[in-house]
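Engineer: Each chain, letter by letter, is given below.
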Amino acid sequence: MASMLEFRTPGFNPYSVKYSPYYDSRLAVAASANYGIVGNGRLYCLGLSAQGVQLEKAFDTNDALYDLAWSECNENQLVVATGDGSIKLFDLAVDQFPVMNWHEHKREAFSVSWNPISKDTFISSSWDGTVKLWTPTRNVSMATLPVGCCTYSTSFAPTNPALVSAVSSDSHLRIYDMRTPVSAKYHLTVTIPVHAPPSGAVLPRLRSPIPGGPPGQTYAGAIPSEVLTHDWNKYAETVIATAGVDRTIRTFDIRNPAGGPASVMMGHEYAVRRVAWSPHARDILVSASYDMTVRVWTDGSTMPPPVPPAPGPVHNPAENTVRPGVQLGLMNRHTEFATGVDWCLFGSGGWVASVGWDERVLLWDAHTLLRG
Amino acid sequence: MAVERLGSILKHLSPGSPLSAITSKNADDIVITLAIRSPLAKARKGGFKDSSVEYLAYAILKEVKERSNLDPALVEDICMGNVSDGKAAYKLRAAALSAGFPNTSSAYSINRFCSSGLKATADIANSISAGNIEVGIAMGVESMTIGGDALENPFDEEVTKHSQESQDCMQPMGWTSENVSRDFGITREEMDKYAAESFQRAERAQKAGLFDDEIAPIKTRIKDANGEWKEIIVSKDEGIRPGTTAETLGKIRAAFPQWGPTTTGGNASQVTDGAAALLLMKRSTAIRLGQPIVAKYVGSTVAGLPPRIMGIGPTVAIPKLLSQYNLTLDDIDVVEINEAFASMAVYCRDKLNIPWEKMNPKGGAIALGHPLGATGARQVVTGLSELRRTGKKILLTSMCIGTGMGMAGLFVNEM
Chain A
1 MASMLEFRTP GFNPYSVKYS PYYDSRLAVA ASANYGIVGN GRLYCLGLSA QGVQLEKAFD
61 TNDALYDLAW SECNENQLVV ATGDGSIKLF DLAVDQFPVM NWHEHKREAF SVSWNPISKD
121 TFISSSWDGT VKLWTPTRNV SMATLPVGCC TYSTSFAPTN PALVSAVSSD SHLRIYDMRT
181 PVSAKYHLTV TIPVHAPPSG AVLPRLRSPI PGGPPGQTYA GAIPSEVLTH DWNKYAETVI
241 ATAGVDRTIR TFDIRNPAGG PASVMMGHEY AVRRVAWSPH ARDILVSASY DMTVRVWTDG
301 STMPPPVPPA PGPVHNPAEN TVRPGVQLGL MNRHTEFATG VDWCLFGSGG WVASVGWDER
361 VLLWDAHTLL RG
Chain B
1 MAVERLGSIL KHLSPGSPLS AITSKNADDI VITLAIRSPL AKARKGGFKD SSVEYLAYAI
61 LKEVKERSNL DPALVEDICM GNVSDGKAAY KLRAAALSAG FPNTSSAYSI NRFCSSGLKA
121 TADIANSISA GNIEVGIAMG VESMTIGGDA LENPFDEEVT KHSQESQDCM QPMGWTSENV
181 SRDFGITREE MDKYAAESFQ RAERAQKAGL FDDEIAPIKT RIKDANGEWK EIIVSKDEGI
241 RPGTTAETLG KIRAAFPQWG PTTTGGNASQ VTDGAAALLL MKRSTAIRLG QPIVAKYVGS
301 TVAGLPPRIM GIGPTVAIPK LLSQYNLTLD DIDVVEINEA FASMAVYCRD KLNIPWEKMN
361 PKGGAIALGH PLGATGARQV VTGLSELRRT GKKILLTSMC IGTGMGMAGL FVNEM
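Protein chains in written order, with the UniProt record's numbering: chain A, 1 to 372; chain B, 1 to 415.
Simulated from the structure, these hints should not be mistaken for lab results. The reader is advised that the hints may include incorrect statements.
Heads up, simulated DSS-like pairs for lysine-lysine below, C-alpha to C-alpha not over 27 Å straight-line [stated by the list, open to error]:
(1) B:K236 x B:K392
(2) B:K282 x A:K106
(3) B:K230 x B:K65
(4) B:K25 x A:K106
(5) B:K282 x B:K230
(6) A:K106 x B:K11
Restraint-style ranges between C-beta atoms, simulated for each label pair [to be verified]:
(7) A:K119 x B:Y108: 33 to 39 Å
(8) A:S183 x B:E4: 42 to 48 Å
(9) B:A130 x A:M142: 29 to 35 Å
(10) A:R179 x B:L97: 55 to 61 Å
(11) B:Y90 x A:P146: 39 to 45 Å
(12) B:S17 x A:R179: 41 to 47 Å
(13) A:P146 x B:P154: 22 to 28 Å
(14) A:P146 x B:Y108: 41 to 47 Å
(15) A:L370 x B:A130: 49 to 55 Å
(16) B:A130 x A:A93: 48 to 54 Å
All C-beta atoms, glycine included, are put in the ideal place defined by N, C-alpha and C.
Could you put the whole structure together from the sequences, leaning on the hints where they help?
Structural biologist: Next up, the structure:
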């Protein structure tokens, strides 16, 4: 396939990559020594130039780094989520040390995300079962949202500054609305059980398997497993894609929490570590998985609805409302777990950065996958 | 910490099968670090005929203390299953204090009839899971010799007049066995054939020394024929009748001719005294204390059914438990079902389609005995021993419960 830009991070295994929202030639990679199990972390700030991908600055940390987020209000700053639970703010103009360090999480912090609308807050999620809301100018958290179990990923809604989403190891997707008054529910407004069948499902429907899926996975419901990643659709404000250990990517509409997945994408052979919706198309998303591949999908929302089966002896009219997504392409240049993907916002669209434990950062054009 | 991170990544990679979900090793799993039982001695005639409930509790707790190499002060709670003795809780507390557990440990007794030992295990496990305690002992003790608390007086008619099932709760277990064999068409021949197999399996296992790793010999005393106290060591199960065949069992007359012809003393559980104990803690605690991890407690459940056919309890409890974990009987390596009567054992085996080789491979209560409160824990000890011997993994235990219930428990062997 077409050429890729490559950067190597020897000695460190990348976990996350993000393009800068300010510069089309800047991206950052959060990496950890020894696959993030033990050892230091290193934050790489990279720049694209005529000579390829170059290291602009690197920051070392005491413990592993699992995620990063660029600041939306300062073009030189970014936050990282570290293995000892601390969140650190680095400035590219300040060498070596973080300018802020927030240490409130009691266990590994797995994800961090900046508010793209109000730009003045960011959130982090941790193995300690909480999501914390921060602002860069205060040294304590502004709010703590209890999730209860290991929370792998958290994100702000791209269209609404008050909505926070989090996915966790108890296989639930939770939406918090920060505008609601604080109550016993701590802003929790919607809980979607990712693996549950749609409520009201007739029993025989639970048996209908997704073709080619692992045993126990049906259109309607599946064995609950950990959800490792999620992302908000950039065009449809209410659609979220989740994916995790059961190798399946599901999309949900938060207006219909009990309605089951709107679309199901199967094909990965191992757990999916990261999903990212395209900023240029409403139905395209990219996923990185432990099966060393990065795959591009369409969730089928731009395709005609599936044809329900002919009425049979056990006909359930709602049988095929789950849309199977379609895999558009597969990138298998990584030789270790692929752990991070991000779309570039700039240019003609389609450029993806992916990172994997093979110590490589690869920049490539997803459109070449679709043609090839 | 690194261990937990590695464990987290490994959990992502597990194929996600229900079996891998229960066999995965997590720091918060409840694990068994010691599983022992006393030999089961014949009631009224055997080695424990003059041993009190508190003595059996004391003896098994002393064995737990010595064999576990654990500082007894770390044990926070002890739960003993016992059915017949209304004062069991007092006696357990006294026994624990004498056995060397400090007064800072706690103790209580529990009674859900034949499942009391398994219920004790589940209770202690749940207590540890909830963070109420860190280390606990689940045990069961029963002296069928002493018995006691038999239903001599009928219940208040004001209560029982409202429900036939309520009256059925007063009926003896033999009556329920005849109901099962009549309602489900289990013949005397099938029952004798089942019972003979149970005896033969137990006899083979005993001769091959397969019970040696699970039995803790108990030193006690009995009154001999002259009324003199004699010290003895009980080290072998006494209920096993060598050379039993279906023909020899066929000659035994019915035990309850007033209710039916099928149940006899030969195809019903032996009446024995005995005790069993399990030491439980979280996996992280076991690693921290240097305790060997024998097995993992996965979960248990209980289900109810009509009291008049209480014997078929496992046929409701087992499917319920398996569905909670998305498992099938194919995933299970050893199934220990309490053989209260051959009628219910045959019915449960055939209704659930359990391959006979998997069910009670070392014999069951018909050969070994059924000390009511201890059986729940005794089955776990025996089942785990068999898994260790064969190198297999998954144990399912179940029993019927008088007054119409069934309980089932799931364990994973890790040795």
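Engineer: Hint by hint, say whether it matches the structure.
Structural biologist: Going through the hints against the structure:
no.	hint	result
1	B:K236 x B:K392	holds (25 Å)
2	B:K282 x A:K106	holds (20 Å)
3	B:K230 x B:K65	holds (25 Å)
4	B:K25 x A:K106	holds (22 Å)
5	B:K282 x B:K230	violated (42 Å)
6	A:K106 x B:K11	holds (21 Å)
7	A:K119 x B:Y108: 33 to 39 Å	violated (58 Å)
8	A:S183 x B:E4: 42 to 48 Å	violated (33 Å)
9	B:A130 x A:M142: 29 to 35 Å	holds (32 Å)
10	A:R179 x B:L97: 55 to 61 Å	holds (59 Å)
11	B:Y90 x A:P146: 39 to 45 Å	holds (43 Å)
12	B:S17 x A:R179: 41 to 47 Å	holds (42 Å)
13	A:P146 x B:P154: 22 to 28 Å	violated (53 Å)
14	A:P146 x B:Y108: 41 to 47 Å	violated (33 Å)
15	A:L370 x B:A130: 49 to 55 Å	holds (52 Å)
16	B:A130 x A:A93: 48 to 54 Å	holds (51 Å)
The structure is inconsistent with the numbered hints 5, 7, 8, 13 and 14, although it conforms to all the rest.
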